Amino acid sequence: MGFKGDEQIQDVTFLTPIQDPDIAYKKQSLVDVLCKAQNGTQIIVEMQVSPAKGFEKRAQYYAAKAYSRQLSQGQKQNGL
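Going by this note's numbering, the sequence shown runs without a break in its numbering and finishes at 103.
FYI, nobody ran anything at the bench for these hints, they're computed from the structure.
Source: prediction; values computed, not measured.
Incorrect hints may appear among the rest.
Said to hold, decoys possible - Derived lysine-lysine pairs resembling DSS-like cross-links, with alpha carbons at most 30 Å apart:
1. Lys27 / Lys59
2. Lys88 / Lys76
3. Lys99 / Lys76
4. Lys99 / Lys80
5. Lys88 / Lys27
6. Lys59 / Lys88
7. Lys27 / Lys99
8. Lys80 / Lys27
9. Lys99 / Lys88
10. Lys76 / Lys59
11. Lys99 / Lys59
Using the sequences provided together with the hints, build the complete structure.
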């Protein structure tokens, strides 16, 4: 996948693929595989056996959700 330095995947830690909503009435999302790289970065793996309508938008939504959840409470955005 082209990861270099501390972004290289040395080992895979499987996390729960369920991304609960931050607010109860919002939609829960479920990714195929959610992993963590050596440097703590979360990596989403989505698999499709055939083209699926809306896949790109759904993948962007999942990525944005996983990315924003890596920010701890009180941590500044430039810490991502």
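Taking the hints in turn, this is what the structure says about them:
no. : hint          : result
1   : Lys27 / Lys59 : 15 Å, holds
2   : Lys88 / Lys76 : 20 Å, holds
3   : Lys99 / Lys76 : 36 Å, violated
4   : Lys99 / Lys80 : 27 Å, holds
5   : Lys88 / Lys27 : 24 Å, holds
6   : Lys59 / Lys88 : 15 Å, holds
7   : Lys27 / Lys99 : 25 Å, holds
8   : Lys80 / Lys27 : 27 Å, holds
9   : Lys99 / Lys88 : 17 Å, holds
10  : Lys76 / Lys59 : 28 Å, holds
11  : Lys99 / Lys59 : 21 Å, holds
Checked against the numbered hints given earlier, the structure breaks only hint 3 and satisfies all the rest.
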